[in-house]
Amino acid sequence: MNYLNENIDSLNKKLASGDLSADKLAQDTVANIKDTDKKLNAWITVVDDAKPAENLDFSKSKLAGIPIAIKDNIITNGIKTTAASHMLYNYMPMYDATVVSKLKKAGATFVGKTNMDEFAMGSSTEHSYYGATHNPWNLDKVPGGSSGGSAAAVAGGQVVAALGSDTGGSIRQPAAFNGIFGIKPTYGRVSRWGLIAFGSSLDQIGVMTKRVKDSAEVLNVIAGADEHDSTVSTREVPDFTKFIGQDVKGLRVAVPKEYMEAVDGKMREVIQKQIDALKDAGAIINEVSLPHTKYVVPDYYIIASSEASSNLQRYDGIRYGYRAEDTKNLLDVYVKSRSEGFGAEVKRRIMLGSFALSAGSYDRFFRQAAKVRTLICDDFDKIFAENDVIVGPTTTEPAFGIGEEVSDPIKMYNNDILTISANLAGIPAASVPAGLVDGMPVGLQIMAKRFDEGNVFKTADFIERSNKFYEKTPTGMED
Amino acid sequence: MNFKSTIGLEVHFELKTKSKIFSPSPVTYGAEQNTETNVIDWAMPGTLPMVNKNVYRLGIMVAIATHAHILPTTHFDRKNYFYPDNPKAYQITQFFQPLARDGYIEVEVRGKKKRIGIHEMHIEEDAGKNTHGTNGFSYVDLNRQGVPLLEVVSEPDMEDPEEAYAYLEKLRKIVQFTGASDVKMEEGSMRVDTNISIRPAGQKELGTKVEMKNLNSFDHVRRSLAYEEKRQEQVLLAGGHIQLSTRRFDEATGKTVLERVKEGASDYRYFPEPDIAPDHISQEWIDQIAKELPKSPFDRYDDYVNKFGLKPYDANVLLQTKESSDFFDAAVAAGADPTLAANWMNTQVNGYLNDHRVSLNDIKLTPEHLAEMIKLIKDGTISSKIAKKVFAETIANGTDPKKYVEDNGMVQLSDTSVLAPMVKKVVDDNPQSVEDFKNGKDRAIGFLVGQIMKQTRGKANPKMVNKLLNQELQSR
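Chains A and B, in that order, give the protein sequences. Residue numbers for the first sequence follow UniProt numbering, so the first one is 1 and each next one is one higher. Residue numbers for the second sequence follow UniProt numbering, so the first one is 1 and each next one is one higher.
The hints are simulated quantities; they were obtained by calculation from the structure and are not laboratory data. In this text, a Cβ means the ideal position worked out from N, Cα and C, and glycines have one as well.
No farther apart than 27 Å at their CA atoms in a straight line, the calculated lysine-lysine pairs in the BS3-like style are these:
#1 B:Lys79 / A:Lys371
#2 A:Lys249 / A:Lys382
#3 B:Lys389 / B:Lys459
#4 B:Lys230 / B:Lys213
#5 A:Lys382 / A:Lys273
#6 B:Lys129 / A:Lys328
#7 A:Lys336 / B:Lys129
#8 B:Lys79 / A:Lys347
#9 B:Lys79 / A:Lys336
Okay, the calculated bits of chain B under chain A, using three or more residues with CB under 8 Å as the criterion:
#10 32-45
#11 78-88
#12 274-280
Using the sequences plus the hints, can you model the full thing?
If you want it as structure tokens, here you go:
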């Protein structure tokens, strides 16, 4: 089964009519993953004997019988969960993430866990204990990261929908690089219970699909209050699919000049074309400024790394996961297990974060970063007082080559400059395919105010209808 | 040279909740190792803390009882350090902003009243327990991981070990009577750390402080502080200086022993806990808790002595624990005579508890039972001799006193129409006794009473029998 020309509605119709059985769909999906993943390496674990849930009701749940990919930093009861780290190479969870139990209730089928940068730290899915994932548009290019496995799996037609997580752009950047849609909801929209923590004040689980409406369907299921996570909002979750197929007349669209200046001419042209389409359809376009954009990368790397340095301390070799052998004492267990269990990028961030939080640095780094974060939030508040959405490029460039940037962390970090702000401000943001630059996809980023995913879906769906990018087939998947 | 001491105390109380502060695991003292744990306590990947709101409630109770100012918004922080009993490798505590601050309690030392300030009180989670086996392995028990603690930090307002002792006594009593904690040092539900420094009289700036941890009784607190005062004095008089350090009290020698010298502050890399959304503590909620707060031991003492007319000694015995005071109050509320109830509590009930090494919560006697029994004594239904039998039965088996008395025909015989003929017959049958009585031998009465008691199997009301016998004998 190949999903390149499918969407949730088309699959639901086939399942409901009996043209397709959920069992066969599960088996064929696994078979196709095994076949195509020789090219992509998008998966860490594939469930060989994946079976649909029992008593499926295709009329009640659109996701009934639909195989969904889960990023490997989301806890799945009884399915190995590694966060792409040697540290958790053997970790078998004994509970389900809230998003997973909600998907189970909706009747989704679990076919496996997708590749990612170790502990979601990276923008290329090269920092994985299980090897790099390849971009379905060009196998020599990265799929972006950290949700690169989920993005490649969707773009490569292995599944119709995947869950990702986004701490600084980890859903949107790979979505852009792979020519698919990906949304990071508002911080507090989706429960983090069962998401292996990276930067707790920034992390959010989101959805990656080829078609915008499919993400709305999945978000409908996974969003909402949770007794296990006090940072999730108790506000009512709207039906996100009702924002699909609406017109954008009168929509107030802000375009930050800092974002347009961050990309080269070829890319700007593709992005501008999307903005023009919005304008032609009656949207009001306003040029705006996000003056603190130049501070977001250092700001983010201090906050995210500080939180990560604390979150990752539990991987100590004592209770689960990797434990070094030939240790002499307790300190030795800690030092050796962590030195051997974590990859270079993870260790870099732990050291960065530990430094930023240490007694002599806290005021100069962590506290200062928290203040800058407030300024960045203020920038957005000002813009959203007069605009419904902000649009611009998702990334500064299309997918780069595998191995190209992995040795230059600063360059790698700067990839995130356009996506990080949404995490710092906690606002919803998505990337929708805008077009091709030199044969590789680029994305249009859409942001809205907190809990206004509706306008993000509305705008993205309009762009999808206007450029019909979904009709294109990834060039790397041709034989 | 004269020296002045400055003492500050940090007291941890385990808050008495059914479940842990951040996980739904139950909390029971003495449960089998690791049986009261779940994925949160084990710090499994992806788990998050959820605050048990009852922890706030108990903390607020103590804050109210110590006149502290409660902050309107809650805030938690992480204290980072690696240790096997600390599975997340951070403790969730309140570092940047406590639950409450600026409280005080009043103590009386050598007849002088003094107010001791409470700097702040914060809530945090307890760690697990490491034990080291003789087989070369160490073991971790996470039952205690996540047990809620309230740390009460005093101002350095105490100037000698007696004041510290008085502060602890008073604080324990206050907290105990809120019901927020069991305050048992031996079970670890109350733990005391002390800080002490000395300086020459007249010098403004404080001396270098020495910390003592895990003192396991108030007496050890007093003795260790007294020892430290002297030790530090001798060091300074000999021209030495005090090291910023942690010491421990050695019970056997009565001395303090150096544990470790602090070289610079430990770096716990504190930062705000991002996984817990702030909670608002409304004034309405505080008012509600204040209204529900159990009566303080001081108000109870006032009631016992001034309202019920108990002797101060008896009042204090009742007030030794909240359980006994609550039991007594409930018995009085159920209609028991306060003086009799106090006597029974402080002699028979306490005697039983001591003999059987149990607590009030373990016995089958209820305050209502006690009240009923006292009523039976007061209205003459049973004699105090019979009452002891009834008590033994009720406390052991929970039998209703009234029912027991009725079922076993223990009702005291006070009916003159029944007793008078018996008295007449006994006197008739024992002419020698009449003789003796006339000759002024009081023994005769005792003998005759005994005869009546024998015939009634102890049920006759002795007062009544005495009265009737006297009348009968005098009429002869």
